[in-house]
Amino acid sequence: MIEKALKGNRNYWLWIGLLLLCIGAGFSAFSRQMWEGLTVTGMGRDVSWGLYIAQFTFLVGVAASAVMVVIPYYLHNQKVFAKTVIVGEFMAVAATLMCMLFILADMGRPDRVLNVLLYPSPHAMVFWDVMVLNGYLVINLVSAWTVLGAERKGVPPPKWVKPIIYLSIPWAFSIHTVTAFLYAGLPGRHLWLTAVLAPRFLASAFAAGTALLILVTLILKKTTGFDAGNEARQKLAVLAAYAGAANFFMIGTEFFTAFYSNVPAHMHGLQYLFFGLHGKSALVPWMWLSLFLGLGSLAVLMNPKLRQTSKWLVAACAGMVASIWIDKGVGLVLGGFVPNPLEEITEYGVTLTELGVTLGIWAVGILVLTLLLKVAVTVKKEQEA
Amino acid sequence: MNEDRRSFIKKAGIGLLAGIGSAAGLFPALSLEKTVFPAWDEKPEPGKRRWGMLIDTRKCSGSCRECVAACHFTHNVPDFGNRKDEVKWIWKSGYEKVFPTASSQFQSPEVTERPYLALCNHCAEPPCTKACPTEATFRRWDGIVSMDYHRCIGCRFCMAACPYGSRSFNWRDPREGIRLASTEYPTRMQGVVEKCNFCSERLVKGQEPACVEVCPEAALVFGDLNDPASEIRKLLEANETMQRKPELGTKPSVFYII
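Those sequence lines, one after another, are chains Z and L.
Counting along the first sequence from 1, when you hit position 235 you're at 1489 in my numbering, and nothing is skipped either side.
Counting along the second sequence from 1, when you hit position 206 you're at 209 in my numbering, and nothing is skipped either side.
No lab work stands behind these hints, which were simulated from the structure alone.
Quick caveat: nothing in here was measured; it's all calculated off a predicted structure.
Cβ atoms here follow ideal geometry from the backbone N, Cα and C, with glycine treated the same way.
Restricting the straight-line Cα-Cα distance to at most 27 Å, the calculated cross-link-like pairs of lysine-lysine (BS3-like) are:
(1) 100/L with 1534/Z
(2) 1635/Z with 1407/Z
(3) 1416/Z with 1634/Z
(4) 1258/Z with 1333/Z
(5) 1337/Z with 1634/Z
(6) 1337/Z with 1413/Z
(7) 248/L with 1534/Z
(8) 1337/Z with 1489/Z
(9) 87/L with 1534/Z
(10) 62/L with 248/L
(11) 1337/Z with 1407/Z
(12) 95/L with 1534/Z
Which chain Z residues stay away from chain L? Per the calculated CB distances, all over 12 Å, these:
(13) 1421
(14) 1428
(15) 1618
(16) 1639
Using the sequences and the hints given, assemble the complete structure.
Here is the structure:
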């Protein structure tokens, strides 16, 4: 089936070429980082995680959001999602792959990554994260590929794939819950030390991931003529809206608990992110942009008239993705390190090398998604014809 | 290729692998990787010993840096002269930084302006070892929270987990930052985490930690917290002491007389 990804028009190959170019740039940045060490990134003794771990956190959410189509289609038999479900599953595959690459890029000794399996440590959340992420990648790839293969042959999918698809649903929740537990169990990092972190991760994932899925189906429609259907997109938009509402509600509860209790350590992280602390305020404009973009997009998605207009739908989905990318992909990780355990403030500034590696990893993910979707769209079109 | 030949090759391959595996088990010298337990060279006595330190901050003067210099020299701790790449095992800091959750309102200025030593607390309930996905950092039988630099994957989870900022990462090749090399302790490689080890390499030789030995005011006392007859226990009973962030339940083994 993979041979279908080898036939495409000029634009398809130009796109592939562009992605390969970005991957090359990323690889060269990564080799510089391997050679000189992580000193070439903006990270340091005080802010010891940065862009890589932030991207990882955001992308786990994108991966988990595949359930927003898998649940209605497979569990509730909503036929309207028939064409979207494969897009969602392949997006999960690409996102999970990117998650793993970001983890590798962040490691000081990626050559020793197998130590995680050689010395399994169930007390460490990273161990569980490696387990669930690898499992999720396999589950989605196997189930989507098998169903697509059966479709190509015009036969019903084999019976054994059904349980795997059902398993993907709790598994999706598990990947983002475990990712939240990476943060939420650390003493002395008060921005993260909150029971609401896992639910908030899930809510923001279902908002941003679903919005991204809507955008991908629109891009597919424009570039290949394969239309997942407006009805499916509208239903997804409603799901993204409610998930977004839940996310912003939980951000509000974080503010209440921190500021009403007036416990300094609980306030510091939020103060730094949204208002600045001791004159240091690099992230303040970003966080407010995230908040206003998110709330604005939410309002558009909630409004039936606006979200049915194609331009508003695109704007709102892009706004939601950007908002949560900033909130989760920048603010949450950096905010946990400011102030540091000795209440000193060190700000983080991203470097070109770091951006290069990040660009490369995104290009790998988008390349994989492009190839998988190319296969899916070709098969679906052949069936229609 | 016919079926018989294929299955013969398959079985022969499996047999060969099994042979190598069992040979490695039967003759330990043959195995490709050997496990040594330097941390357990002494007879392990679980719960019998817990190394701890007491710092009499009243004796510590602002200008003296003997302990920091001795430690960082002994352990080949690099110095790059910038905060971002900084590696440190022990350092002097302010009252409000070392004890951010302790009350500093209306304290005597003499107390808040005094320097305070910060180092790994060798917690009895260490959050860092819990977060480590490879057991590269672990709690020894004698209470020391130790590091295996050869197993560390450099994920820096322990740094995020430590509520005392006691851990440093080798953002770059540490050997470039060592001016005067010591032969007492190996240098580390780029990409791994390190921190104070309570001088476990000196303890096995019957020596005190370098910082304790070198302090001109004898402000540092090192000893077994589980031995009621030890000097450190007597001092802990005779003086009012503080631990850093005791509310987090990490049970630090480093105590301070204020």
